[in-house]
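From first to last, the protein sequence lines are chains X and H. The opening position of the first sequence corresponds to residue 14 in my numbering, with each subsequent residue numbered one higher. The opening position of the second sequence corresponds to residue 66 in my numbering, with each subsequent residue numbered one higher.
Derived from the structure by calculation, the hints contain no laboratory data. All C-beta atoms, glycine included, are put in the ideal place defined by N, C-alpha and C. Don't take each hint at face value.
[Said to hold, decoys possible] Not everything, but these chain H residues come out facing chain X in the computed CB check (under 8 Å): (1) 71; (2) 74; (3) 77; (4) 80; (5) 82; (6) 97; (7) 98; (8) 109; (9) 174; (10) 186; (11) 191; (12) 193.
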Amino acid sequence: MVDEKNIKEDLDFWATNSEESGWNISSTDEGSQKMLEEEDEKQIKIQTGSDVVDDYVYNEETTEDERMIVNMGPQHPSTHGVLRLQVELEGEVVRRVKPVIGYLHTGMEKTGEELAYFQGPTNTTRMDYLSPLFNELVFSLTTEKLLNIEVPERAKAIRILMTELNRVSSHLVALATGGMDIGALSMMIFGFRERELILNFFEKTTGLRMNHNYIRPGGVAADLPDNWQKDVKEILKVIPEKLNDYDEMLLDNPIWQGRLKNVGILTTEECLAYGITGPSLRASGFSWDLRKTQPYSGIENYEFDVPLLTDSDVFSRWRIKVLEIIESLKIVEQVMNTIPKGPYRIQDKKVTPPPRKRLDESMEALIHHFKIYTEGFKVPPGEAYVAVESPRGELGCYIVSDGSSKPYRMHIRGPSFCNLQALPVIMADSPIADAVAAIASLDPVIGDVDR
Amino acid sequence: MFSPDNIFTTTIDKAVRWSRTQSMWPVTFGLACCAIEMMAAGSAKYDLARYGMEVFRASPRQADLMIVAGRVSQKMAPVLRQVYDQMAEPKWVIAMGACSSTGGMFNNYALVQGVDHIVPVDIYVPGCPPGPQSLMHGILTLHDKIMEGEINR
Numbered sequence: 014m015v016d017e018k019n020i021k022e023d024l025d026f027w028a029t030n031s032e033e034s035g036w037n038i039s040s041t042d043e044g045s046q047k048m049l050e051e052e053d054e055k056q057i058k059i060q061t062g063s064d065v066v067d068d069y070v071y072n073e074e075t076t077e078d079e080r081m082i083v084n085m086g087p088q089h090p091s092t093h094g095v096l097r098l099q100v101e102l103e104g105e106v107v108r109r110v111k112p113v114i115g116y117l118h119t120g121m122e123k124t125g126e127e128l129a130y131f132q133g134p135t136n137t138t139r140m141d142y143l144s145p146l147f148n149e150l151v152f153s154l155t156t157e158k159l160l161n162i163e164v165p166e167r168a169k170a171i172r173i174l175m176t177e178l179n180r181v182s183s184h185l186v187a188l189a190t191g192g193m194d195i196g197a198l199s200m201m202i203f204g205f206r207e208r209e210l211i212l213n214f215f216e217k218t219t220g221l222r223m224n225h226n227y228i229r230p231g232g233v234a235a236d237l238p239d240n241w242q243k244d245v246k247e248i249l250k251v252i253p254e255k256l257n258d259y260d261e262m263l264l265d266n267p268i269w270q271g272r273l274k275n276v277g278i279l280t281t282e283e284c285l286a287y288g289i290t291g292p293s294l295r296a297s298g299f300s301w302d303l304r305k306t307q308p309y310s311g312i313e314n315y316e317f318d319v320p321l322l323t324d325s326d327v328f329s330r331w332r333i334k335v336l337e338i339i340e341s342l343k344i345v346e347q348v349m350n351t352i353p354k355g356p357y358r359i360q361d362k363k364v365t366p367p368p369r370k371r372l373d374e375s376m377e378a379l380i381h382h383f384k385i386y387t388e389g390f391k392v393p394p395g396e397a398y399v400a401v402e403s404p405r406g407e408l409g410c411y412i413v414s415d416g417s418s419k420p421y422r423m424h425i426r427g428p429s430f431c432n433l434q435a436l437p438v439i440m441a442d443s444p445i446a447d448a449v450a451a452i453a454s455l456d457p458v459i460g461d462v463d464r
Numbered sequence: 066m067f068s069p070d071n072i073f074t075t076t077i078d079k080a081v082r083w084s085r086t087q088s089m090w091p092v093t094f095g096l097a098c099c100a101i102e103m104m105a106a107g108s109a110k111y112d113l114a115r116y117g118m119e120v121f122r123a124s125p126r127q128a129d130l131m132i133v134a135g136r137v138s139q140k141m142a143p144v145l146r147q148v149y150d151q152m153a154e155p156k157w158v159i160a161m162g163a164c165s166s167t168g169g170m171f172n173n174y175a176l177v178q179g180v181d182h183i184v185p186v187d188i189y190v191p192g193c194p195p196g197p198q199s200l201m202h203g204i205l206t207l208h209d210k211i212m213e214g215e216i217n218r
């Protein structure tokens, strides 16, 4: 039983030892070592209404003494950020897991209510920091749905080009960190090396390597740079070659297969019951990709396949990311060949600020510029939900507008948050050594979980 | 082996400072976006190993430098302080990025407005996120600081 008083004293100790003792930490449960009661967990399982029979078996014969609760994180190299897991061990076998989140809670949804719509992508881009362009895209699409406007064809094509390249870079990081967690350190070096290629292109286009604020309501911030085709061609040439290298290194590697095959099974039923989307769902044999089922931003005009694997284990969740990179590169190539000419943002004076040059010539342009950058454009009252297929699954944005220039409420449905629910199911009754493989296979980004 | 030609003299002061700079091991304290750039700095293209600091130690007991990479929430603050206290002296702190330096763009209930509220910071690296080059510049500035500043910490 946990002594509440001792915890309180511990907290006071840290608070008084810091330079400023004013901040209030006694309201958090930092340091608490309590798992949910067994009965409580059963209760929760009934409440979710899932008829999932997972492989969790509680051995009644073991006494409390033989069980040990170990904290993993929040400062742990392989929890992908600041995820904290309370792991209940019986010898070397994980019996129960309780993820503790909130160590990166940034209050972004609240901040989103204070920023005008044209400032919104600045905020949302920092949520899932491995796929920033998807966050911007989903926010912009939702705002455009509320405004009831249609962006130009070139803007749509640029959005698809940039987001699909972002999917490649995100998956490369997932492969890299996944490899590093399991001990394939070369994979870490390789993955980040190839990612640099794409980030260089992003830096050239948007000005930043991450957190771009490039896709905005009404279009994109700037047109593609001169000779951008050359950089994209380089990416299209290099990355497939390097993927072959990865396959050569890992695909038939007996150690890699032994560590990953038949580990961390997550069946289709479990995926559907827990709301798992993205590569994890597709690796369990359920073909669901929002790019096909609810196409956005004109992605239905491009030809690509949705890779599907049926093994539902960590290996197939790793493998499907490699296959998805190839499909994304196919889309990028098609966009490069068919991109239309024209404006890259909507020619609506109320939404798009005028070009700098016009400010010196036109009084009206000056007024519009002033209004947009001080007050922001107003959005009709209503609510809208738009979802896109981010590298981790369904990324949705829900905005309630009260008619002012700021959202009344903004909510993001983060794929990492929902996917993290599967962790107790995956890790239950598996050896502790497989735990990091299971976390890495779900590829959670804690910025997206906590927000 | 020990011919007089091979002997060189220096002050103990300089030798200590030099040895502190040349194998400065950071503790892995990746929090958010900046952590990805920190990992990028450690990997192939930017290669932090050139400065003898490619080993990001998972244990604070073996580390000299804490790179606070990312936004520090109120819930994370006690953990950060604990990790700092566990590090062996002498130790240094780099606040990487706008969020850990000042709170950045998130001036709200959830974030600590600058990690210097909790731990003493030696170097602030600007940017959101700072690129690997910026981080390296911060690290080299810290090296200069160690070579020239107070030896007793």
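Each hint tested on the structure:
1. Interface restraint check: residue 71(H) against chain X, minimum CB-CB distance 37 Å, threshold 8 Å, status violated.
2. For the restraint placing residue 74(H) at the interface with chain X, the shortest Cβ-Cβ distance is roughly 41 Å, beyond the 8 Å limit, so the hint is violated.
3. The restraint placing residue 77(H) at the interface with chain X is violated, with a minimum CB-CB distance near 32 Å, outside the 8 Å limit.
4. A hinted interface residue such as residue 80(H) counts as satisfied when its beta carbon comes closer than 8 Å to some beta carbon of chain X; here the least separation is about 32 Å, so the hint is violated.
5. With 8 Å as the threshold, the beta carbon of residue 82(H) stays out of range of chain X, its nearest partner Cβ sitting at about 26 Å, so the hint is violated.
6. Proximity of residue 97(H) to chain X holds as hinted, the smallest CB-CB distance being about 5 Å (cut-off 8 Å).
7. For residue 98(H), the interface hint holds, the least distance from its beta-carbon to any beta-carbon of chain X being 4 Å, beneath 8 Å.
8. For residue 109(H), the shortest C-beta to C-beta distance to chain X is roughly 4 Å, which falls under 8 Å, so the interface hint holds.
9. Proximity of residue 174(H) to chain X holds as hinted, the smallest CB-CB distance being about 6 Å (cut-off 8 Å).
10. With a cut of 8 Å, the hint placing residue 186(H) at the interface with chain X is violated, because the nearest CB-to-CB distance is about 11 Å.
11. At about 13 Å, the closest approach between the beta carbon of residue 191(H) and any beta carbon in chain X exceeds 8 Å, and the interface hint on this residue is violated.
12. Given hint, residue 193(H) at the interface with chain X, holds; its Cβ is 6 Å from that chain's nearest Cβ, closer than 8 Å.
When the structure is compared with the earlier hints, violations turn up for hints 1, 2, 3, 4, 5, 10 and 11 and for no others.
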